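> Sequence:
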Amino acid sequence: MIIVTVNSSLIDVGLYSPTAYQKPDRDLTSTFLTVLSKNITNGYTQVEVKRPLNAPNRRPITDSLITTIFAFNPEVSILTYHGGNRGSMGVNFFSATTAGTLSEQSRKMQLVHGIGMFLMWCVLFPASIWIVRYMRHRESHMFLHRNLQIIGAFCVGIFGAVAMSSVTVQFRVPHGILGTTIYTGLIAQVALGLLAIFGLAHVESASTGIVRGLKHTHFYFGAILMSCAWVNAYLGMTQYGINYNVNTKVVTYLYLAWFVILAMIFLASEVYYKIKNLQFLWPTRMMNNANLRIHRRIPEKVYELLPAYTWSEFNEKVLSGACLVVAEGLVFDIHSWIKIHPGGQKILRRVIGTDITNDFFFDPNVQTVISRNFDKEHDLLQSNTVDAAEHSNVNLKLQKHNSGVPSSVARSIDLLNSVTFKNTRVAMHRHSKFATAKLATMVVARISNYDGENVSRPAVDGILPYSTPSKSRISPEIFRRYILTNVEDVTRYDAENPVKKFTFQVIHPYEKLPEILPGDYIEIMSYANKTTIVRPYTLLKGPSVNTFTILVKIYKDGVMSQHLNKQLRNFEIAVRGPFDVSERIEQPGSPTPSETGLRRRLRTSVMSTSGRKYTKSNTAYSGYGSVTSDDNYNQAPSRILLNNAREDKCWDHLFLVCGGTGIQFITAINYYSTSLLQPLLQFVISIYYCKLLL
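Sequential numbering of the sequence shown, starting at 1, is according to UniProt numbering.
To be clear, the hints were calculated from the coordinates, so they are not data collected in a lab.
Small disclaimer: the values here were computed from a predicted structure and weren't measured.
Errors might be hidden in some of the hints.
[To be verified] Computed cross-link-like contacts, DSS-like style, restricted to lysine-lysine with a CA-CA straight-line distance of at most 30 Å: (1) 501 x 553; (2) 317 x 339; (3) 317 x 38; (4) 566 x 553; (5) 500 x 438; (6) 512 x 339; (7) 108 x 249; (8) 501 x 512; (9) 317 x 301; (10) 339 x 553; (11) 274 x 301; (12) 501 x 438; (13) 556 x 512; (14) 541 x 500; (15) 38 x 50; (16) 339 x 433; (17) 433 x 301; (18) 317 x 438; (19) 38 x 23; (20) 500 x 553; (21) 274 x 317; (22) 512 x 553; (23) 501 x 649; (24) 530 x 274.
Using the sequences and the hints given, assemble the complete structure.
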């Protein structure tokens, strides 16, 4: 090994003996090397030496190409690591000729690297972006985008490794420095994409907070990476020309021409999608009602052939597993869209079986009013909780508060979002014209005599109104979503099956709850354990006119109770009702009574009890016959839990017929009647009047 050391104008030439990967030692015993000349001219160092063809312990010099390895370190004049400044060439010392055998191989590898990177960053990645933006009307668009991105990232890693193995000065030129940075950033970009996919599949609040931030970061960081990669491709062409003395002007011009073609493709696609207004899906037709935005997207021939469903038929299909929603009186099957929904899968699971008209065309201006309502209801709920605790004789230390310890990563994200965005709907995002057009292609039926939600709104707190709704009553047969605002423990911390109080609130500011009367109950529908389940719960008044509560006993193997116990604040629950318990009571003389004597009777018309006018009826209680009589079937229920013979609607004697979870209410009645009302009332309801029949 010959090492030349240059220190200012001093040149030292010597023989060295390498020892593995350690610093080489100078060979002072060998004298066969003769220095003929050495000088420095215009910054170039030139050294001429002579050695025997067959030097002792050295490789012989023959009349052939000999691979000669060289390395240099221009930073210091002492023996240190060369920092990647190295190379090799074939030299014939007899003919004084050289042949860059290894350089040619390196050149070919760099050429493969450049072509591969161009195909990935300038063809494959733009194609995947074009697919995810302009092919969204196809269910496979996200599948193609995701797989193309993963394949492209894998290929970029391979071509990057090819370049690093063939070039030793990658950290010394701009192309190498920027390429290494992009290579590292691509790993982070793939990780962001995988996290976003995970969030959309498993997080309830995927349209808010962390997952939303991941999606935006993935988008903007990807745009930065693409821009840097395009610049780096230009730098790579320039560096290739410098390294191998090749004229790259033609290639550079072709590269710039490709960008012009690429820009024209995206511009033409944008014009086709935006100016054409997605007419390629279904042509838009003119309609007098401006609120029927989905109707305009459905051809008249298609609309006329749609079957008509009643709300009962619609609910039966949902309970049997169909992924149906209603908007503007139309029924849509969204099962194929759930896994690729940009707002997440869970949010679509929540809306199945409900009317999404007001949510799909939600006005962002109303969000301010909803936020105010959330704050007011939250403050009122907290004050009522404190007051109840101060007047309660239960030791607060014995109360078990929900620790909120998350059981999974997805639940941790939901918990953080529910706390951070406590006055915002966590399951809400805006929809574009594309979403409207795409939803129209999923139509499968229409609701007969649709009289449900209206996208018109009244003015609320100075917000610009749309128009006044024409009708305010809504059938109790329709499942509507309410926001869970609070979960409170009712029983002691050591209860085997704890009881919790769930408080729900209306979503939109113009919605009003019907009057809650004794005997009212609701039905809650949820998707749990891959099954749609419905359970009835007794309806109780909430702390305000916009809220209601239910008491739920949490069983270890209870499907619905465990599902409700996992819900977080601001989650939305599908609820329908209220129904009167008298509707579940059959005639004693019925020829086919059920085992319990109670059942939900099916209506022939779901709109028959859509109003609550019967709540102020002055007619006397007429017994079971009025409930089951065909003549009175479409009339107001009897309200058997109200004593219409008295002005206050109360009874002198209270009989409680219950079993299972219903037993818990007798303790509350006894406590309320004996402890709280005794100083205020002239009479006390004795425990003897409260008979428990099991």
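> With reference to the structure, classify each hint as holding or not holding.
Results of checking the hints against the structure:
A threshold of 30 Å between alpha carbons decides the hint, and for residue 501 with residue 553 the separation of about 9 Å falls inside it, so the pair holds. Straight-line distance between C-alpha atoms of residue 317 and residue 339 comes to about 21 Å, which keeps the hinted pair within the 30 Å bound. The hinted pair formed by residue 317 and residue 38 fails the criterion: a straight-line CA distance of about 94 Å is larger than 30 Å. Restraint check for residue 566 and residue 553: satisfied, since their Cα atoms lie roughly 13 Å apart, inside the 30 Å limit.
The straight-line distance between the Cα atoms of residue 500 and residue 438 is roughly 41 Å, outside the 30 Å bound, and the hint therefore fails. Our distance criterion of 30 Å between C-alpha atoms is broken by residue 512 and residue 339, whose separation comes to about 34 Å. With a C-alpha separation of about 19 Å, the suggested pairing of residue 108 with residue 249 holds against the 30 Å cut-off. A hinted pair counts as satisfied when its Cα atoms are at most 30 Å apart, and residue 501 with residue 512 qualifies at roughly 21 Å.
Between residue 317 and residue 301, the direct Cα distance comes to roughly 25 Å. Compliance with the 30 Å bound is thereby established for this hinted pair. Between the alpha carbons of residue 339 and residue 553 the distance comes to roughly 33 Å, so the proposed pair goes past 30 Å and is violated. Between residue 274 and residue 301 the alpha-carbon distance is near 25 Å, which keeps this suggested pair within the 30 Å criterion. The straight-line distance between the Cα atoms of residue 501 and residue 438 is roughly 40 Å, outside the 30 Å bound, and the hint therefore fails.
Distance hint between residue 556 and residue 512 is unfulfilled; the C-alpha atoms sit about 35 Å from each other, more than 30 Å. For the hint linking residue 541 to residue 500, the alpha-carbon distance of about 15 Å falls within 30 Å, and the restraint holds. Note on residue 38 and residue 50: the hinted pairing holds, with a Cα-Cα distance of about 12 Å set against a maximum of 30 Å. At roughly 20 Å between alpha-carbon atoms, residue 339 and residue 433 fall within 30 Å of each other, so this suggested pair holds.
Restraint check: the Cα-Cα separation between residue 433 and residue 301 comes to about 22 Å, which is no more than 30 Å; the hinted pair holds. Straight-line distance between C-alpha atoms of residue 317 and residue 438 comes to about 22 Å, which keeps the hinted pair within the 30 Å bound. Annotation: proposed proximity of residue 38 to residue 23 holds, straight-line Cα distance about 25 Å (limit 30 Å). With a C-alpha separation of about 6 Å, the suggested pairing of residue 500 with residue 553 holds against the 30 Å cut-off.
For the given pair, residue 274 sits about 36 Å from residue 317 by alpha-carbon distance, which is inconsistent with the 30 Å threshold. Restraint check: the Cα-Cα separation between residue 512 and residue 553 comes to about 28 Å, which is no more than 30 Å; the hinted pair holds. Only pairs whose Cα atoms come within 30 Å are accepted, and residue 501 paired with residue 649 is accepted, the gap being roughly 27 Å. Straight-line distance between C-alpha atoms of residue 530 and residue 274 comes to about 38 Å, which puts the hinted pair past the 30 Å bound.
Checked against the numbered hints listed earlier, the structure breaks hints 3, 5, 6, 10, 12, 13, 21 and 24; every other hint is satisfied.
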